[in-house]
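Undergrad: Sequence:
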Amino acid sequence: MTAIDLSGVFPAMCTPFDENERIDFETLQTDAQRLEAAGVDGLVPVGSTGESATLSHDEHVRVVEAVIEAVDDVPVIAGTGSNNTREALELSERAAEAGADGLLLISPYYNKPEQRGLVEHFRTIADAVDLPQIVYNVPSRTGRNIEPDTAVELSSHENIAGFKAASGDLGQIGEIAERTTDEDFAVLSGDDALTLPVISVGGTGTISVAANIEPELTCAMVGAALDGDYERARQLHHELGPLFRELFVETNPIPVKEAMEIRGYGPARMRSPLTRLSEEYRDELEAVLADVERDATAVVDASEGDR
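Residue numbers (our numbering): 11 to 317.
Keep in mind that the hints were calculated from the coordinates and are not lab data.
Just so you know, even glycine gets a beta-carbon here, dropped at the ideal spot from N, CA and C.
There may be inaccurate statements among the hints.
Straight-line alpha carbon distances no greater than 20 angstroms define the calculated SDA-like cross-link-like pairs of lysine to any residue that follow [as the list claims (entries may be wrong)]:
1) Lys122 x Glu168
2) Lys122 x Val84
3) Lys122 x Leu99
4) Lys122 x Glu163
5) Lys122 x Val81
If you anchor each label on the Cβ, the simulated ranges turn out as follows [what the hints assert, rightly or not]:
6) Asp140 x Gly251: 37 to 43 angstroms
7) Gly178 x Pro283: 22 to 28 angstroms
8) Arg273 x Gly181: 33 to 39 angstroms
9) Arg273 x Thr64: 20 to 26 angstroms
10) Gly251 x Arg273: 38 to 44 angstroms
11) Gln125 x Thr191: 20 to 26 angstroms
12) Gly251 x Ala63: 27 to 33 angstroms
13) Glu103 x Thr64: 18 to 24 angstroms
14) Thr134 x Glu241: 26 to 32 angstroms
15) Thr307 x Gln125: 25 to 31 angstroms
16) Ala297 x Thr191: 41 to 47 angstroms
17) Asp140 x Arg273: 49 to 55 angstroms
Please construct the entire structure, taking both the sequences and the accompanying hints into account.
TA: Here it is as structure tokens:
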């Protein structure tokens, strides 16, 4: 297995659709190149933000292939999770064949396995696919929490390289980071508003929705925190705070796709059953995007002045 440095910022990419709800591969690849040029540390296509639930398996693999083809020098971590272990294994094997550098595996949703079932599920895939794998805990979507004991047990597997934490429970996240310090194991925030607190208790970065819109600011915030400059990181966290909130006024990725369209990065079209952002939220989103763009410009200008 080739290791990946799982520190920094990894945007959870959107999947753009054309007017016929087909994947817009040209826009997808342009977006991947934009994010790479902005300095992100890796890309995560076909996760929850990428509407993986409404993609066929073939579409899933084609998105991964397209992103890999588009970028030069950042790892591509493919979302390949499912509530069916056999299906997750097939998607993982196909992503590996396509050239993915790593895998992001959401815990099985709807069928709500016990903790021993979660261990068996993740180990089955880790035993079969020789790529770094990130276990993804998001109880609000899956109906089941991955307990700290389970995360710690999984961390001992050589192919399980990290944990994407989106439980909202900072105590639990900190416990996992604390108990895996002796393992080669990364704890990544899966909630933009908690990225800075997660790093403060031992996290290594974020798989981020907001980084699709403001990659430079997100990278600056995470970089400052990882360097121990918490005063600067906190300032950037506060500048990004309104964006973090606006991107979750409705179910992700509804707001972020609207923001992508406002910025000209891609269409806001969704596949059913997701819908466009409610009109009541659009004006505020536009206002927040304008404010944060000014902050991002100042950050870019300052970094260029330091060269």
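Undergrad: Does each hint fit the structure? Answer for all of them.
TA: So, going through the hints one by one against the coordinates:
Pair hint Lys122 plus Glu168 does not hold up; C-alpha atoms about 26 angstroms apart against a cutoff of 20 angstroms. The suggested pairing of Lys122 with Val84 is violated, with an alpha-carbon distance near 34 angstroms, which exceeds 20 angstroms. For a cut-off of 20 angstroms, the pair hint linking Lys122 to Leu99 stands: about 18 angstroms separates their Cα positions. With a C-alpha separation of about 19 angstroms, the suggested pairing of Lys122 with Glu163 holds against the 20 angstroms cut-off.
Of the pairs offered as hints, the one joining Lys122 and Val81 is violated, with about 37 angstroms between alpha carbons and a cut-off of 20 angstroms exceeded. The hint said 37 to 43 angstroms for the Cβ distance between Asp140 and Gly251, and at roughly 40 angstroms that hint holds. For the pair Gly178 and Pro283, the beta carbons lie near 24 angstroms from each other, so the given range of 22 to 28 angstroms is met. A hinted range of 33 to 39 angstroms for the beta carbons of Arg273 and Gly181 is consistent with their spacing of about 36 angstroms.
Here the CB-CB span from Arg273 to Thr64 is close to 23 angstroms, well matched to the stated 20 to 26 angstroms. With their beta carbons about 19 angstroms apart, Gly251 and Arg273 fall outside the hinted range of 38 to 44 angstroms. Evaluation of the 20 to 26 angstroms hint for Gln125 and Thr191 yields a pass: the beta carbon distance comes to about 22 angstroms. For Gly251 and Ala63, the Cβ-Cβ distance of about 29 angstroms falls inside the hinted range of 27 to 33 angstroms, so the restraint holds.
Checked against the given bound of 18 to 24 angstroms, the beta carbons of Glu103 and Thr64, roughly 22 angstroms apart, stay inside it. Judged by the Cβ atoms, the range 26 to 32 angstroms given for Thr134 and Glu241 is violated: they are separated by roughly 45 angstroms. Checked against the hint of 25 to 31 angstroms, the pair Thr307 and Gln125 fails, with Cβ atoms roughly 47 angstroms apart. In this structure, Ala297 and Thr191 meet the distance hint of 41 to 47 angstroms, their C-beta atoms being roughly 42 angstroms apart.
Taking 49 to 55 angstroms as the suggested C-beta distance range, the pair Asp140 and Arg273 does not conform, at roughly 38 angstroms.
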